[in-house]
Each structure stands twice: as C-alpha cells, then as structure tokens.
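Protein chains: 2
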Amino acid sequence: MREKVTVCEVGPRDGLQMAKSRMQTEIKSAWIAAMAGAGLPEIEVGSFVSPKVIPQMADTDIVVRAAVKLQGVIIVALAPNLRGAQNAYEAGAHRVSVPVSVSEGHSRANLNRSPAEQVAEVARVVEWVRAQPRQMEIEAACSTAFGCSIDGAVPTAAVLTVANGLAAAGVDMVTLADTVGYAHPAQIRDVVRAVQAEIGSKLDGLHLHDTMGLGIANALAGLEVGVRNFDAALAGLGGCPFAPGASGNIVTEDLVFMLESMGFDTGIDLDKLLACRRYLAEGLPNEGLHGGLAQAGIPKTFRVAA
Amino acid sequence: MREKVTVCEVGPRDGLQMAKSRMQTEIKSAWIAAMAGAGLPEIEVGSFVSPKVIPQMADTDIVVRAAVKLQGVIIVALAPNLRGAQNAYEAGAHRVSVPVSVSEGHSRANLNRSPAEQVAEVARVVEWVRAQPRQMEIEAACSTAFGCSIDGAVPTAAVLTVANGLAAAGVDMVTLADTVGYAHPAQIRDVVRAVQAEIGSKLDGLHLHDTMGLGIANALAGLEVGVRNFDAALAGLGGCPFAPGASGNIVTEDLVFMLESMGFDTGIDLDKLLACRRYLAEGLPNEGLHGGLAQAGIPKTFRVAA
Numbered sequence: 001m002r003e004k005v006t007v008c009e010v011g012p013r014d015g016l017q018m019a020k021s022r023m024q025t026e027i028k029s030a031w032i033a034a035m036a037g038a039g040l041p042e043i044e045v046g047s048f049v050s051p052k053v054i055p056q057m058a059d060t061d062i063v064v065r066a067a068v069k070l071q072g073v074i075i076v077a078l079a080p081n082l083r084g085a086q087n088a089y090e091a092g093a094h095r096v097s098v099p100v101s102v103s104e105g106h107s108r109a110n111l112n113r114s115p116a117e118q119v120a121e122v123a124r125v126v127e128w129v130r131a132q133p134r135q136m137e138i139e140a141a142c143s144t145a146f147g148c149s150i151d152g153a154v155p156t157a158a159v160l161t162v163a164n165g166l167a168a169a170g171v172d173m174v175t176l177a178d179t180v181g182y183a184h185p186a187q188i189r190d191v192v193r194a195v196q197a198e199i200g201s202k203l204d205g206l207h208l209h210d211t212m213g214l215g216i217a218n219a220l221a222g223l224e225v226g227v228r229n230f231d232a233a234l235a236g237l238g239g240c241p242f243a244p245g246a247s248g249n250i251v252t253e254d255l256v257f258m259l260e261s262m263g264f265d266t267g268i269d270l271d272k273l274l275a276c277r278r279y280l281a282e283g284l285p286n287e288g289l290h291g292g293l294a295q296a297g298i299p300k301t302f303r304v305a306a
Numbered sequence: 001m002r003e004k005v006t007v008c009e010v011g012p013r014d015g016l017q018m019a020k021s022r023m024q025t026e027i028k029s030a031w032i033a034a035m036a037g038a039g040l041p042e043i044e045v046g047s048f049v050s051p052k053v054i055p056q057m058a059d060t061d062i063v064v065r066a067a068v069k070l071q072g073v074i075i076v077a078l079a080p081n082l083r084g085a086q087n088a089y090e091a092g093a094h095r096v097s098v099p100v101s102v103s104e105g106h107s108r109a110n111l112n113r114s115p116a117e118q119v120a121e122v123a124r125v126v127e128w129v130r131a132q133p134r135q136m137e138i139e140a141a142c143s144t145a146f147g148c149s150i151d152g153a154v155p156t157a158a159v160l161t162v163a164n165g166l167a168a169a170g171v172d173m174v175t176l177a178d179t180v181g182y183a184h185p186a187q188i189r190d191v192v193r194a195v196q197a198e199i200g201s202k203l204d205g206l207h208l209h210d211t212m213g214l215g216i217a218n219a220l221a222g223l224e225v226g227v228r229n230f231d232a233a234l235a236g237l238g239g240c241p242f243a244p245g246a247s248g249n250i251v252t253e254d255l256v257f258m259l260e261s262m263g264f265d266t267g268i269d270l271d272k273l274l275a276c277r278r279y280l281a282e283g284l285p286n287e288g289l290h291g292g293l294a295q296a297g298i299p300k301t302f303r304v305a306a
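Taken in sequence, the protein lines are chains S and G.
For the first sequence, position 81 matches number 81 in the numbering used here, and the numbering has no gaps at all.
For the second sequence, position 179 matches number 179 in the numbering used here, and the numbering has no gaps at all.
Everything labelled a hint here was simulated from the structure, so no lab data went into it.
From the three backbone atoms N, C-alpha and C, an ideal C-beta is built for every residue, glycine too.
Hints should not be assumed to be uniformly reliable.
[Stated by the list, open to error] Chain S stretches covered by chain G per the calculated footprint, using a threshold of three residues with CB under 8 Å from any CB of chain G:
# : stretch
1 : 203-216
2 : 260-266
[Unchecked claim] Covered stretches of chain S (in silico footprint by chain G; criterion: 3 or more residues with CB under 8 Å from a CB of chain G, positions within the stretch not fixed):
# : stretch
3 : 173-186
4 : 292-299
Work out the full structure: start from the sequences and follow the hints.
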C-alpha cells in the first residue's frame, strides 16, 4: 500500500493569469477535462477577480460550471474576497481558495489590504459559506510565506501570525506559498515545522515556484517534513511578474515523476499527463513550455525496482 | 563556522563535449580562469580522449597546462585509460578522473570494455601514477550508477561491486554519476548509503544530470546523506545524447545558490559566477543556457536571515 500524495494542478489559474495570450474557453475546459482524465485529484480552474485586472480569468464562471460536472476531481476556484467566494459558491466550486499575503508590501500591492484586514475578510468568507445549504471547502493560501519581492525577507513570526489567524477564522486548510520563488529547502523545512507546531494538520499544502531552479528540491524538503499536498502547473506555466523569463510554478509532470519514482501514489497516469501538453501548445502558442520529463521522455527505469 | 561543500565545475569537460559547436581554446581558457576567479575550488577542464571521437577535447593538453598555473584551484582531467592518465600527468593535472561504467551496455558502448576490465584499467592507472615522482590524485567516476539508457535499471549490487573494486585498486576517491539523469531522491539516498557502508569516505561526490528536472532535488538528497562534493556545469551545459533537448548537468549557479542559502560555505562568489556565463554566450553562441538564478537574478533575500 503506497502512501498517497495529492497534486493540485493550478495551471488553469496561476499559469494562465501570467500568460502572454488568452486561452480560449473551449480549449481551457478541454484541458481541464483531460487533466481530470489523467487522474489529477484537484484542479484550480480559475479565479473570481475583476476581468479588468486579469482578463484571462473572465470566463471563470463558465469554466467552473463545466468543470464541476467532471467525475472524481475537486474543483478549486480562487477568490480574493467575500464577493468572489460567493461567486465561486454559486458556480458550484467544491473549494474556494482565498489568498492572504503574509508580507505587508505584497498584500497592499495585490489586495489593497493589510494582512490582518485580509484575515478578517477570510473570517467573513467562512461565516457566509458556513451559513449556506451546500458545503464548500475553504482554503487559505499564505502568499509570500518564504520571501517577498517587495518587502524582502519575511519573518517566520509573521507567517505564524497569519496562519494562526486563519485557523482561528475556521478555514478547512492552510497552504503556504512561495509566491515569488525565493525559498530554499532548509527554509521550507523550518517554516513548515513552525506552522505545523501552531496549527497542526490544518497546514495542508505547499505552493512552490521554480524561479531559482529550486522548486522540486523545495517540494522534496516539504515532503520530508510531512507535506502531502503540492500545487504544480503543467509545463511549469506561470512565470513570475518580478522575474522576467523565469519559469513559473513547479512542473506537474516532473513532480509526479519524482513522487511516483519515490514510491508515492499520486493516482496520476504520466503518459496521459504528458499528452495534456497539447492543449497548451494549441491554446497558448506563444508560451514557453518547461519540464524535463516532457523533453526526455519517461525513462525505461520508471517504476522498475533496481 | 559554516560547513564546507565543494562544487566541481565540469562544464569545460562534460558540458563542451556535447556542445553543437566547438569553443575556441582561448575562450575556454579565459572561462576556466574566470571560474577560478569566482572561487570554484575544482574545475574539470577537459578529457584526454581521441580528438576523432570528441573533437571538442582536442585542445585538452593546452587547456590543462594553462589551467594548472591558476592559483587555488584543483584542475581535473578525465582520462578513460592509462595512456590518457599519462597524458594528464605530463600536462600537470592535479587530479585524473577515470570513468567506469557500472552497466555493461554503457561500458561497452562508451569504453569498449566490461566494467570489470575497466576496474582493472583503473588499477593499472593507480600503479603507474603511484610510481611517478609527482603526486596526482586519482578519482574514479562510476557512470550509470543510477540507471542506464541502454540496460535500464542498474542493480545496487552492481554499483557496490564496482565501488569495492575501485577502492581495492587504491583510488583516492570514488564518485557516483547519474550519467543519463534517471535518478530520483530516494534512490540517491539508498545507493549513496549502500556505497558508504562498503567504502566509507572514499565515496566522495555525486555527478548529477537534470534530464528529468530532478537534478537539484537529487543533490539535496545527497547532501542529506552526507555528500559534500558535487559536480555541476555553468548554465547546465551538457545535454544528454539519449534525451534530445533535455538539459544537461545540474546548473552550477542554482546549486551554489541553494547551498549558500542553506548555510553551507562553497567559497564561491555568486555575482562573479553569473558573470562567467558571458564566456558561454561568446564561445558557444548556438547553445541554450539554462538556470533559474541567471534569469531571475539573485533575490534580495539571499543570505538575509528571516
């Protein structure tokens, strides 16, 4: 019996919002369906934000309504505030993910609120969702938990303050995000352990970027301290607005290859996963696609015991 | 007092031998000097092989003779046999690195000998070198220790047989090479521990490729089981003859960034290291240069305690 690790595909949200071009809704939905068919257990399909700010997300309502009809996959939608969460609920999302920046600078730039004000907004989301007839999971994602391109180093104490506030607000799960990709493995271990000591298993996942080439190593470090849920994006989509040319989220294919090679069970079919890249080639013809496995092919040693 | 980790730059050897074009000798020597100036403690500068087989290495004798005049850097030359080792000695190399494939298929294809025959060749190298007036370190590099593109999975028992044979032959150090980049972190830990149990601290280093995107994670796994010496190539030069388009060796810049971020002392100046990429842009204009750090820049959190 292999131990399970959950991979959440965030390409349709975190990947596309940084893309140079806009993926057509039909291709986006076909891509999401193909990812579900490859065995992805969770997919973050869009965000309920103003289309004026992020035009790539203008079709999120349509995309969520289509995606929740797929079988066996948890459909996540990002919402920065109560109104977005209400839209996610109305569209039928299984889970809403609310970002909370740990650093003041990123919080102001991204949400126009202080971290404490955003924690209070999350509490309002929790209160509203819990009063609805349908259950919807509430995840809070702690952005810039490992460093901020505006504020620089982020004290662990600030991460703990936000994590404790979110746990007290009653969210179902908290994830830590290396939004700009500044983290290193020792830091991942230290911060994860510190947050686990405060909120226990409410700390559910890591969201990692590969900006400095350390993304997969950081996932390994998280795995070693008990994290069993990782965000990733097909072909490493995502970029970083503060690092032109840098790759984005950690590459789903490479992460899954590592996890399965190490004996973990992701439930994902690697061949089918790799085949999903055609939707990116078709829908985002100007985007650079990353990933070692896709270029080299699945090695003949995969899942062969030595 | 930070713990030391040694990074050996292998770009001028493992990187260039796969390059589409041939770097001019003057640029190669200037690049090597700049790397030494950036604090690289060890540089593998070429290999004494037939120029008919690898024309990019035809100037190795000139390159070694120039490099050994640099201060404070150990100059390594690869030699596949006694004759090559004699050439390395004559040129003044501080260390000769002799490859020994663990897998039969790679050994036959690369060296036209069985692994056992190549271990015997290493013994001849040791005997000859020890009889010379000047000391030259002898390293044996176990190729395909984590998998082979010809033979597939490589049994740990085969690695142990070769490692024990090399230790018995009297080499100064043994390194394990993931020649084709098939390794995953759990395998790195298992094989390294098994070899350490047999030959102890004679196991000195890891040579990793980033074919599947796991190279830096594999370095982290090695670090965790006590490895303190890693080969890497500037800009991830190297490619893999069996994986077109795949990146090559692990990226020196990203590895050094990770190590220094984690509190290890590499003795390398990251700014000067990044500046060395200009020799690649100049000397190998058609080569793709990899690396997260080079694209994103050194983050403002580098070496700032949180």
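Hint by hint, here is what the structure shows:
1. 203-216: Coverage by chain G holds for the stretch 203-216 of chain S (6 residues, Cβ < 8 Å).
2. 260-266: holds (count 3)
3. 173-186: It holds, with 6 qualifying residues against the three required.
4. 292-299: holds (count 6)
The structure is consistent with each of the numbered hints, conforming to all of them.
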